[in-house]
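Order-wise, the sequence lines are chains A and B.
Here the first sequence is numbered in the numbering used here, starting from 1 and rising by one per residue.
Here the second sequence is numbered in the numbering used here, starting from 1 and rising by one per residue.
Since the hints were made in silico from the structure, they are not lab data.
If you're wondering where the values come from, they're calculated on a predicted model, not measured in any experiment.
Among the hints, a few may not be true.
[Said to hold, decoys possible] Quick list of in silico lysine-lysine cross-link-like pairs, DSBU-like style, CA-CA up to 35 Å:
{"hint": "1", "chain 1": "A", "residue 1": "K60", "chain 2": "B", "residue 2": "K156"}
{"hint": "2", "chain 1": "B", "residue 1": "K156", "chain 2": "B", "residue 2": "K195"}
{"hint": "3", "chain 1": "A", "residue 1": "K141", "chain 2": "A", "residue 2": "K60"}
{"hint": "4", "chain 1": "A", "residue 1": "K141", "chain 2": "B", "residue 2": "K53"}
{"hint": "5", "chain 1": "B", "residue 1": "K156", "chain 2": "B", "residue 2": "K53"}
{"hint": "6", "chain 1": "B", "residue 1": "K53", "chain 2": "A", "residue 2": "K45"}
{"hint": "7", "chain 1": "A", "residue 1": "K139", "chain 2": "B", "residue 2": "K53"}
{"hint": "8", "chain 1": "B", "residue 1": "K174", "chain 2": "B", "residue 2": "K195"}
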Amino acid sequence: MSFAASSANFEQLALPLLPSLYSHAFWLSRDHAEAEDLVQETISKALRAFDSFQAGTNFKAWIFRILRNTFLTSRAGIASARTVFLEDHPDLLDFADASPTPEDHLLRLDNQAAVNEALDRLQPPLREVLLLCDVEELKYKEIALVLDVPIGTVMSRISRARRTLHQMLQSQLGESL
Amino acid sequence: MTQTTQATGHLAPDQLNALIDGELSSRESQAIQRHLADCHPCALRVLSATQLKAATARAAQRFAAPPDALARLTAQLRSQEPKRAARIYPFRSIAWAALAASLVLAVSLISWRQIRQANALSAELLDQHLATLSSGASPEVISTDRHTVKPWFQGKLPFSFNLPEVLPADTSLKGADFTYLSGQPAALLLFTIHKHEVSVFLTQRSATAIATMPSHVRSGFNIYYASTHDLGIAAVSDVNPADLKLLLSALVQAQSPG
Numbered sequence: 001m002s003f004a005a006s007s008a009n010f011e012q013l014a015l016p017l018l019p020s021l022y023s024h025a026f027w028l029s030r031d032h033a034e035a036e037d038l039v040q041e042t043i044s045k046a047l048r049a050f051d052s053f054q055a056g057t058n059f060k061a062w063i064f065r066i067l068r069n070t071f072l073t074s075r076a077g078i079a080s081a082r083t084v085f086l087e088d089h090p091d092l093l094d095f096a097d098a099s100p101t102p103e104d105h106l107l108r109l110d111n112q113a114a115v116n117e118a119l120d121r122l123q124p125p126l127r128e129v130l131l132l133c134d135v136e137e138l139k140y141k142e143i144a145l146v147l148d149v150p151i152g153t154v155m156s157r158i159s160r161a162r163r164t165l166h167q168m169l170q171s172q173l174g175e176s177l
Numbered sequence: 001m002t003q004t005t006q007a008t009g010h011l012a013p014d015q016l017n018a019l020i021d022g023e024l025s026s027r028e029s030q031a032i033q034r035h036l037a038d039c040h041p042c043a044l045r046v047l048s049a050t051q052l053k054a055a056t057a058r059a060a061q062r063f064a065a066p067p068d069a070l071a072r073l074t075a076q077l078r079s080q081e082p083k084r085a086a087r088i089y090p091f092r093s094i095a096w097a098a099l100a101a102s103l104v105l106a107v108s109l110i111s112w113r114q115i116r117q118a119n120a121l122s123a124e125l126l127d128q129h130l131a132t133l134s135s136g137a138s139p140e141v142i143s144t145d146r147h148t149v150k151p152w153f154q155g156k157l158p159f160s161f162n163l164p165e166v167l168p169a170d171t172s173l174k175g176a177d178f179t180y181l182s183g184q185p186a187a188l189l190l191f192t193i194h195k196h197e198v199s200v201f202l203t204q205r206s207a208t209a210i211a212t213m214p215s216h217v218r219s220g221f222n223i224y225y226a227s228t229h230d231l232g233i234a235a236v237s238d239v240n241p242a243d244l245k246l247l248l249s250a251l252v253q254a255q256s257p258g
């Protein structure tokens with residue numbers, strides 16, 4: 001493929017993803033100016049590396065991986081990496097609540113503000129995996145590619161992220177009652 | 001991909017997640033559906049998890065890209081394409097597709113922006129109208145005389161306007177106030193039509209989205225918009241739409257005398 005054709009192709013693939021890239025960059029950096037810089041740099045890097053993109057694979061996962069790596073090497077990303085996080089061991093708690101009662105599991109989710117707040121408070125790596133899954137609607141194996149972790153880790157993080165959100169919302173509801 | 005169902009027979013957390021994330025094969029999914037049909041607690045867990053997933057997506061979408069940032073990024077993406085190549089491959093189908101995609105993006109951004117602005121603006125208009133209805137509020141200028149009202153605004157507004165010499169039947173001017181609309185200075189004129197209170201807002205056409213807004217009903221009040229070359233005009237009232245439109249068109253006509 002000639003360079004011109006490939007760059008037109010790149011533009012066609014990348015253009016519809018700009019809003020998603022921006023929004024995800026914002027969640028990573030929590031700053032509008034930083035988010036714009038991250039997306040700019042991501043576009044430049046992705047175009048230069050476009051030859052390494054294999055047609056037929058998921059472009060969105062590929063460019064989100066570049067965005068993530070760009071963030072991790074940015075000042076904000078390096079700062080965030082210093083906060084210790086996450087042992088990705090299978091979680092024994094997953095099996096502790098094996099006999100659910102309806103009351104434990106039915107959340108009143110009519111309060112969007114509570115969900116907004118819980119998502120804000122969620123540990124960044126747990127939030128990141130949920131955003132890729134619930135907002136960007138990537139498949140588990142694509143998320144594994146973006147985060148550079150095994151698929152089992154993706155599943156345990158998603159499970160942990162949702163359980164944490166669930167607990168936050170339950171305790172918020174408990175306080176408000 | 002999923003763990004086997006536990007000894008209790010209930011869904012394991014990973015199975016539940018895989019189900020709501022669409023990660024199961026149809027065979028796995030069918031087996032789980034059969035379980036859900038008989039197991040009320042698990043069905044509730046699936047319902048709850050599905051709602052949480054949707055609420056998470058809504059929570060995340062609060063931080064959409066500002067239109068100007070998106071415009072800069074789009075421009076950057078475009079400029080990556082080498083100029084020379086653009087001449088060699090003019091109007092390739094792929095370029096058309098990219099153009100079409102960007103148009104779709106631009107149009108959807110514009111309409112999204114308009115809907116958001118429209119909601120915010122009509123809410124603001126209605127709030128201000130309701131404030132004028134409250135008993136304690138009286139306008140800065142209490143006058144039925146257009147020759148008193150118009151000069152009062154001089155020096156207060158960065159634009160001027162005319163009031164109609166003759167108002168429609170049973171329509172009268174009650175007073176006026178200086179106000180802000182979408183953060184821009186505006187004139188608020190208070191009329192009554194058949195004893196219904198009417199608030200009319202005049203702003204610079206370029207300052208607000210009034211010129212592009214469709215008329216609509218909000219909380220039982222009619223909100224009508226009109227524009228002239230320089231002005232954006234909005235009228236809010238519970239009076240019937242026909243009379244409200246008469247007043248608006250009288251105001252529009254007054255801006256281009258002769």
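Outcome of the hint check:
Using a Cα cut-off of 35 Å, the hinted pair A/K60 and B/K156 is violated, with the two alpha carbons roughly 53 Å apart. A hinted pair counts as satisfied when its Cα atoms are at most 35 Å apart, and B/K156 with B/K195 qualifies at roughly 29 Å. Distance hint between A/K141 and A/K60 is fulfilled; the C-alpha atoms sit about 13 Å from each other, no more than 35 Å. The hinted pair formed by A/K141 and B/K53 meets the criterion: a straight-line CA distance of about 19 Å does not exceed 35 Å.
Of the supplied pair hints, the one linking B/K156 and B/K53 is violated, its CA atoms being roughly 51 Å apart against a limit of 35 Å. A C-alpha spacing of about 32 Å is found between B/K53 and A/K45, which places the hinted pair at or below 35 Å, so the restraint holds. Proximity of A/K139 to B/K53 is assessed by CA-CA distance (about 14 Å); at most 35 Å being required, the pair is judged to hold. Taken as a hint, the B/K174 and B/K195 pair is honoured in the structure, with Cα atoms around 11 Å apart against an allowance of 35 Å.
This entry does not satisfy hints 1 and 5, going by the numbered hints stated previously.
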